[in-house]
Structure formats: C-alpha cells, structure tokens
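Make a model of the complete structure from these sequences and hints.
Protein chains: 2
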Amino acid sequence: MTRTPANALLPNGLQDVLPPDADHEAAAVERLMSCFAGHGYERVKPPMLEFEDALLAGAGAALGAQTFRLMDPVSQKMLGLRADVTPQVARVAASRLGHAPRPLRLCYAGQVLRTAGSQLRPERQFAQVGAELIGTDAEAADAEAVTMAVEALQEVGVPRLSVDLNLPPLVGALAAHLGVDADTTDRLRQALDRKDAASVDTLAGEHAELFRGLLRAVGPAETALPRLQALDLPDAIRPEAERLARVVERVRAALPELTLTVDPVEHRGFEYQTGVSFTLYARGVRAEVGRGGRYTADANVGATEAATGFTVFMDTVMRALPAAPRAERLYVPAGTDPSIARGLRADGWVTVAGLEPEPDAEAEAARLGCGHIYRDGRVAAVRTGSGSG
Amino acid sequence: MTRTPANALLPNGLQDVLPPDADHEAAAVERLMSCFAGHGYERVKPPMLEFEDALLAGAGAALGAQTFRLMDPVSQKMLGLRADVTPQVARVAASRLGHAPRPLRLCYAGQVLRTAGSQLRPERQFAQVGAELIGTDAEAADAEAVTMAVEALQEVGVPRLSVDLNLPPLVGALAAHLGVDADTTDRLRQALDRKDAASVDTLAGEHAELFRGLLRAVGPAETALPRLQALDLPDAIRPEAERLARVVERVRAALPELTLTVDPVEHRGFEYQTGVSFTLYARGVRAEVGRGGRYTADANVGATEAATGFTVFMDTVMRALPAAPRAERLYVPAGTDPSIARGLRADGWVTVAGLEPEPDAEAEAARLGCGHIYRDGRVAAVRTGSGSG
Chain A
1 MTRTPANALL PNGLQDVLPP DADHEAAAVE RLMSCFAGHG YERVKPPMLE
51 FEDALLAGAG AALGAQTFRL MDPVSQKMLG LRADVTPQVA RVAASRLGHA
101 PRPLRLCYAG QVLRTAGSQL RPERQFAQVG AELIGTDAEA ADAEAVTMAV
151 EALQEVGVPR LSVDLNLPPL VGALAAHLGV DADTTDRLRQ ALDRKDAASV
201 DTLAGEHAEL FRGLLRAVGP AETALPRLQA LDLPDAIRPE AERLARVVER
251 VRAALPELTL TVDPVEHRGF EYQTGVSFTL YARGVRAEVG RGGRYTADAN
301 VGATEAATGF TVFMDTVMRA LPAAPRAERL YVPAGTDPSI ARGLRADGWV
351 TVAGLEPEPD AEAEAARLGC GHIYRDGRVA AVRTGSGSG
Chain B
1 MTRTPANALL PNGLQDVLPP DADHEAAAVE RLMSCFAGHG YERVKPPMLE
51 FEDALLAGAG AALGAQTFRL MDPVSQKMLG LRADVTPQVA RVAASRLGHA
101 PRPLRLCYAG QVLRTAGSQL RPERQFAQVG AELIGTDAEA ADAEAVTMAV
151 EALQEVGVPR LSVDLNLPPL VGALAAHLGV DADTTDRLRQ ALDRKDAASV
201 DTLAGEHAEL FRGLLRAVGP AETALPRLQA LDLPDAIRPE AERLARVVER
251 VRAALPELTL TVDPVEHRGF EYQTGVSFTL YARGVRAEVG RGGRYTADAN
301 VGATEAATGF TVFMDTVMRA LPAAPRAERL YVPAGTDPSI ARGLRADGWV
351 TVAGLEPEPD AEAEAARLGC GHIYRDGRVA AVRTGSGSG
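Protein chains in written order, with the numbering used here: chain A, 1 to 389; chain B, 1 to 389.
Treat the hints with caution; some may be incorrect.
Stated by the list, open to error - In silico contact screen, one side only, chain A against chain B (beta carbon under 10 Å); selected entries:
1) R91
2) A127
3) R342
Simulated from the structure, these hints should not be mistaken for lab results. Ideal Cβ positions, reconstructed from N, Cα and C, are used throughout, including at glycine.
Shown next as structure tokens:
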C-alpha cells in the first residue's frame, strides 16, 4: 500500500462516500422522496446557507450551538450553514408558500452539517430526508406522519423497523402543573430519560407515585398505553395522553404488523416538539433511523400554525440496509460502433468503453471489473483466469 | 398579499427552490447520473467541508477567492465550503481510490457554494453534476467526455444543444514559445477572448498574422478546423491542434447531428484545463450548460495523472428545460381504508388524504389542487365550480 497523501485527510466526522455506497444512498433518498410524492408531498429545496438570525429563529433556535457560522462578503452579515432542514421548510411554508392551501404537504432531501458529532452519530455531515405536514392539528396528521415514514422506509428495504411513540413535552408540563421547580424538573427529565427509577423517586418527592407510573407506562403499546391511561393525570395533561392513544390506534389500523412501543417520558433528541412525537428504529442498528412529531411552525408575522413531520437520517438508514449490489459491467472494445454501445445501454447494460485497442481485450475487461465483453457481435461472459480473449 | 416576514429574506444569490421546480431538478440530476452510470461511471460523494489547504490544493487552487471559509471548533483549523466538486473527486481518485484500476470513471452530484455570483450566473449555490475519467491520455477519452455529456443532456430533454471545442492553454503556450512577455500575453488572451481583432494586431506585433489566423479559426467545426490546421503553428504546438481535430472527428462520428463549433482561443471559465476542452450550450439560454476538458490530477505523493471530465450546471440546465408538469392529484376522503389509498398509489396515483370528514369533499379536493376524488369506491373527476360533491 502506497501512503495516502497527507492532504487527503478529512476533518473528523466528515467523509468521502465511495462506490457503490454513494449510489446506493442516492437511490434510497430518491425512493423515499418518491414515496412522499405519492402521498401528495411536494419537494422544496432551501439553500445550504441563510442569514444566521433567520436560520436560528423559531424552531431553529435549538440548533444554535450545532451550527457552523461564516461571514458573507456580499452582505457583510453572518450566515449559518444549516444543521437541520425542518426549520427552513417551516420558513418557506410561512413566507413564499404562506398562501398555499392548508394542510400543506412538503418534503425535502439535503445535506446538513453540524459543528460536533454525537456519540451515537459521529458524522458531522449527513443527508436528511423528510416530510412536513403544516397547518393542521388533526390526529390523522400525526398518524399520517408515522405511517408514511414507516411505509417509505419499508419500501426502501429497511428491515425490522419499529416505532416508539413519545410525548416529549409531557414531563415538563406535568412538573409545571404540580409546581416542581425548574432545576428539579431538568434533573427529573434526565432521570426519566435514563429510566432511573430510584432518582425519579427522590426527585419527585410527594409526586413519586405519578412519575413512577409514567416510567411503568414505557414498553409495547398494548401494555404501556392502558397503564398511561390509568394514571391519575391532571385534567390539563390527560388530553395529550388520550391523543397519543388514539394516534397509536390509527397507526395500528394502517400497519397491523408494525412493532409499536410507547415511551411517554422520553425527551432526548426532541429539540422543538410540542406534542405527539415518534422515533424510528431498525433493530440492531445504533442510533435512530428517523424522528418526528408535532411542532409549532411560524406562520405570517406574529402568527403560528400547527404542524407535524419527520426526518430520516440517511447515515443510519444506510447502516440498516444490506450492502449494495455492484452493477454488472460489459466491456466494449475500442473501435466498436458508438450506436452498438448505445443499444446495449438501452438494453440495460452498463458499458465500459475500451479507449485504446487492447491485444488481450478479455484480460482488459477482467482488469476493469467487467464480467462480460462485447465480442464477435454479441455479449459473452469474461472467462476469468484466462490469459487471452 | 400579506407581507412576507422580514426573516424570510435570503442572502443575495441564495434561493428557495419551490414546487414543482425542486422535484424537476432532482429528477433531472438523477437522470443525468443514471446516464453516467450506464457508461460505467461510479458515484462518489465527497463532503461539503474540507480542510482549506486540501480543498485548495492542485486543481482547486483557482477557486480560492470563490471559497467560503470557516473555523472548525473540533480541529481548530480553517475549513473551506466547496466551490467545485471536481478537485475533490481528483483527491478521492488519488487517495482512497489510488489503487483502483485505471482508467477510473467516477461521477458525482452535489451542491457547491461560491462567495460571489457572476454576471451570467448570479446564483451563489447551485447543483453540480459531473463525471471524471482519470488516468488516461487517450483521445477516445476526450471524445467520451463530450459525447456522454451531450447524450445525457439530450436524454434529460435539454433542447438545441451545441458544443464549442476549445484549447484553453493554446494561446499561453504559443506566446511563451514566441517569447511574448507575460503581461502582453495576458492582454492578448483577453483581446482574443473578446474577439477584438484590432487589439490582437497591436498586441501581437510581428506575430499578428498568426494570432489573427487563430481568431479566424473560430466558428463551425467544418470551416474552423481546416483554418486552424492550415496555420503555421510551431512544432511544439501543432500536436494539440491536430488532437483537437481528431477529437472533433470522433465526436462527429458518434453524434452526426450535433452542432459543433471550435474556438481555439477561448480561455474564460477554464480554471485548470490543460488540453482539449469544451463548453456546452443550449441555444437561447444565458450562461453555459456545462464545461469540461483535460486536466492534470494529483496522483500519489508527488505524481500526477492525465484526466478529463466535465461539469453540468443544474441552474442553467433547468433554465433550458420546459416547465415541469404538475402531478395529477387524487383526493381520498378521511375514513377511507388505508389499504385502498395504498392500492391507488401502487396504480400510480398521487393521493392526498383528507384528515377530517368534510361536508363537501369535492370542494375540499378542488381547494387542495386535486383533479380527482375517490368516491363511491372509484376514482372520479372533480367537477370544478360545482358547489357540492
């Protein structure tokens, strides 16, 4: 092995995707997008860079620390390199598509960059593919987001999918209702995220039974939901738990075979969700395949509108898929009429043109990774190991 | 019209691509990539960010002034946001694919960003799609780059394509050979780019006849090439002109209908080309559709290898294409069995689900831009203007 030139080293968390993986990923992205298009979601493509204050407004605020900044020599203002596409889509929906009929269904696919990787996702650049359903508070919208995400990922071939339904604002809302102070609420939220029952007991004090009850309402939807509904939740909180149950029912009706779990106390990774949310997993793969849920989108000046949606993380999707098959290649020796090669491609062959006459065309075909060769007016298999054509 | 929120303003040269254009562009990108794949080009995906010194090494040096820089908090080094993908592909070929058999055929599609737009191309972000053929000096490689670019663009539907064949290093090499000083060479190059015969005469002095001859060798390939070959070019220069003629012959053989022009003195826009090059135009569209040619790729430490390739600029491609047709949408009222909607999508329909029961489903379908509605167990056309379903 020759040494790799020093300038070929890339910054941590940034990588070259090589053949055949890059093509495999691009095909998976387009297949997901095509599923979303089939459900009436229309594609938008916001730019990679925006004014920092616009990019980090509203739902984007949570990603401030993760966002690369740079100076724009034209405007002399700071720009942010996007760390998430969802807030951009919300901005497009509120501004240029502010007058499009609601509910508005939009989808997107694009690269995002983050200043730091996480333990589960060391990549600092990855492709995000997602869909947003904006301007509706309907339960059917929550269910559509979950079922469409699952159907699209299944269509792409992600095996052993499961969905965890979550209520990220629940713990905070409950703690506020019960008068728990902010610091204790934070620690309680972390203890619940860790499923650390002992700490929950200590932190929750007189409300220990209620919070322990929430912890017991984690697990397969069939057992967890009745436990959640049996809890003595305050009237201000109960409707969200009931809504979660009804959304699960709708998803169950559309996808009876799907593995559905519920975790009403999970909060990690939900940066701006305000209601029923969900996390998509592929069994055996580290990190989630995708994530989504309700949020509040900025509408026109000062107003907001209800929205839901989800994002699929292509790095994790690719880890979940079986390895890409390599295309079968056909060597077409130099001097072959261009219209013949064109006809072979039209028949579905990947043609690899010889650029100079080769004394041993078959060996050259093998050297270039071609399993077939065009010879004597027809396609023949390359006899590997043979010394001559 | 409600006012667009102020934070929806984007920096100059950056824009949101909306429906149906974003989908149209993505489909064109994948169709181009699929054509390249048919010729044995394998996709690579380098990252958006790299260490500044690696990104601007070799062929990338010409883009230094166009490249956004930012600080990496992890490595504490400066990173560059790519302004061109070709130098990255050359880096990948030299490093991680240094041991793959040559010629190496690679392709890519991705966003690039530039600190400033140009007069012809005000966009500061656009999609680049391209192919590189690395590790071969063969004339057949030059011809393959041109013909594949044309075939792919025709396949995507770009009308009235033409190709201008160029020799960007010619003027410089000739001037150096004749002992013309560097400053005069620069001015001569600019005068030739402008086709300013009077200035060429003045600047070229005793060599005026030769340089005027080059200027006359601009035009349709059939008339321009014989004029180029008839010039009294020095022996050190003549082989490149002869090569250009042979490449034109090969392209002509593969694509007899193509409009081919020759401009051996054109230099604008060629940042690192070292030999036979070309520019792709669509008649009636400002700015070139693509550009390519020979360059020298860095190989392993200290070594180089011959390469050619091209880049297609999607902003121009999209300006050349007819407007995208909008997909036909089918409204599926709330409560319809999910498996029915699934079947309709499998039949090719774009389904738009009603999320709540609507008293006038037909009006709702029309409001959401659906030309059809699923009603009484079948698909029916929406009677626009009718008040009830």
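Status of each hint after checking the structure:
| no. | hint | verdict |
| --- | --- | --- |
| 1 | R91 | 6 Å, holds |
| 2 | A127 | 9 Å, holds |
| 3 | R342 | 8 Å, holds |
The structure meets every hint from the earlier list without exception.
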